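Colleague: For chain V, the structure is supplied; the task is to place chain Z on it using the hints.
In the order they appear, the protein sequences are chains V and Z.
My numbering applies: residue 1 is where the first sequence begins, and numbers increase by one.
My numbering applies: residue 1001 is where the second sequence begins, and numbers increase by one.
Everything labelled a hint here was simulated from the structure, so no lab data went into it.
Do not rely on the hints blindly, as some may be mistaken.
[Unchecked claim] The following residues of chain Z were derived to be distant from chain V, with all beta-carbon distances above 12 angstroms: (1) GLU1026; (2) VAL1051; (3) PRO1069; (4) GLN1070; (5) ARG1072.
[Said to hold, decoys possible] Non-contacting residues of chain V with respect to chain Z, defined by C-beta distances greater than 10 angstroms in every case (computed): (6) GLU59; (7) SER69; (8) LYS71; (9) SER102; (10) PRO110.
[To be verified] Calculated lysine-lysine pairs in the DSS-like style (CA-CA distance at most 30 angstroms, straight line): (11) LYS1080/Z / LYS97/V; (12) LYS15/V / LYS1079/Z; (13) LYS42/V / LYS57/V.
Keep in mind it's a predicted model, so treat the numbers as computed, not measured.
For each residue, glycine too, the CB sits at the ideal point set by N, CA and C.
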Amino acid sequence: QQQVKQSPQSLIVQKGGISIINCAYENTAFDYFPWYQQFPGKGPALLIAIRPDVSEKKEGRFTISFNKSAKQFSLHIMDSQPGDSATYFCAASLLSKIIFGSGTRLSIRP
Amino acid sequence: SQTIHQWPATLVQPVGSPLSLECTVEGTSNPNLYWYRQAAGRGLQLLFYSVGIGQISSEVPQNLSASRPQDRQFILSSKKLLLSDSGFYLCAWERDRFYGYTFGSGTRLTVV
Chain V
1 QQQVKQSPQS
11 LIVQKGGISI
21 INCAYENTAF
31 DYFPWYQQFP
41 GKGPALLIAI
51 RPDVSEKKEG
61 RFTISFNKSA
71 KQFSLHIMDS
81 QPGDSATYFC
91 AASLLSKIIF
101 GSGTRLSIRP
Chain Z
1001 SQTIHQWPAT
1011 LVQPVGSPLS
1021 LECTVEGTSN
1031 PNLYWYRQAA
1041 GRGLQLLFYS
1051 VGIGQISSEV
1061 PQNLSASRPQ
1071 DRQFILSSKK
1081 LLLSDSGFYL
1091 CAWERDRFYG
1101 YTFGSGTRLT
1111 VV
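If we strip away everything but chain V, and leave its shape as in the complex, we get (with noise of 0.2 angstroms):
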């Protein structure tokens, strides 16, 4: 119930394309959801965020996509760049008390 899943664990995404991670919870109580990039030695930094009364929140080249029926919800990177290339976590937070997914390491090829 606290779980939350995530896929792929690596991804590689030619420079420019849309690279895509996806994630699903089971908990209906989350109700914030943060994605956090990590790169290698450093601590998670926050990405962008969303609330599940919201479909949709767009920063730049990052999307976040949510599907409260299906209990889903996903980052797309537009425009994937060498710099992008690190781990990013999905996340589900309940009474201040953050749950991570398992991570998604993505690498993008010139």
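Modeller: Then chain Z, alone, in the frame of chain V:
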């Protein structure tokens, strides 16, 4: 502005030795504080969180403990380290309920 400090950055400790990792937050008061562990190539495991001085919630039973002696100080400890305690330890604080966490730079712990 708010900042989070975590030290040391790297640590190599023998099995059976004690551990003390410190995390402090500046520029805010009464933050929620968290300790996470990340094994190599793995996800983030919540170890402890605190909503106030002296208040500690444990998520995973193990030989680690946490304390919050001051409002903006969070300490992760162990009396005797195990090989399985190796990992990347991250401290985080929460500014606002819907603002997400801000993570520190992490401590890479290797138990040998």
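Colleague: Please check whether the beta-carbon of LYS71/V is more than 10 angstroms away from every beta-carbon in chain Z.
Modeller: 19 angstroms, holds
Colleague: Please settle this one: GLU1026/Z was flagged as non-interface, so is its CB more than 12 angstroms from every CB on chain V?
Modeller: Check passes; 16 angstroms lies beyond 12 angstroms.
Colleague: Please confirm whether GLU59/V is truly not at the interface, meaning its C-beta sits more than 10 angstroms away from all C-beta atoms of chain Z.
Modeller: 13 angstroms, holds
Colleague: With d taken as the least Cβ-Cβ distance between SER69/V and chain Z, does d exceed 10 angstroms?
Modeller: 22 angstroms, holds
Colleague: Please confirm whether SER102/V is truly not at the interface, meaning its C-beta sits more than 10 angstroms away from all C-beta atoms of chain Z.
Modeller: 4 angstroms, violated
Colleague: Using Cβ atoms and 12 angstroms as the threshold, tell me whether PRO1069/Z really stays out of contact range of chain V.
Modeller: 21 angstroms, holds
Colleague: LYS15/V and LYS1079/Z: Cα distance at most 30 angstroms?
Modeller: 48 angstroms, violated
Colleague: Can you confirm whether the C-alpha distance between LYS1080/Z and LYS97/V stays at or below 30 angstroms?
Modeller: Holds, at roughly 28 angstroms.
Colleague: Any Cβ of chain V at or closer than 12 angstroms to GLN1070/Z, or is the non-interface label fine?
Modeller: 20 angstroms, holds
Colleague: Evaluate the condition: distance from the CB of ARG1072/Z to the nearest CB of chain V exceeds 12 angstroms.
Modeller: ARG1072/Z is indeed farther than 12 angstroms from all Cβ atoms of chain V, at 17 angstroms.
Colleague: Check the hint pairing LYS42/V with LYS57/V against an upper bound of 30 angstroms on the C-alpha distance.
Modeller: 26 angstroms, holds
Colleague: Taking 10 angstroms as the cut and beta carbons as the points, is PRO110/V off the interface with chain Z?
Modeller: Its Cβ never comes within 10 angstroms of chain Z, the nearest being 23 angstroms, so this holds.
Checked against the numbered hints listed earlier, the structure breaks hints 2, 9 and 12; every other hint is satisfied.
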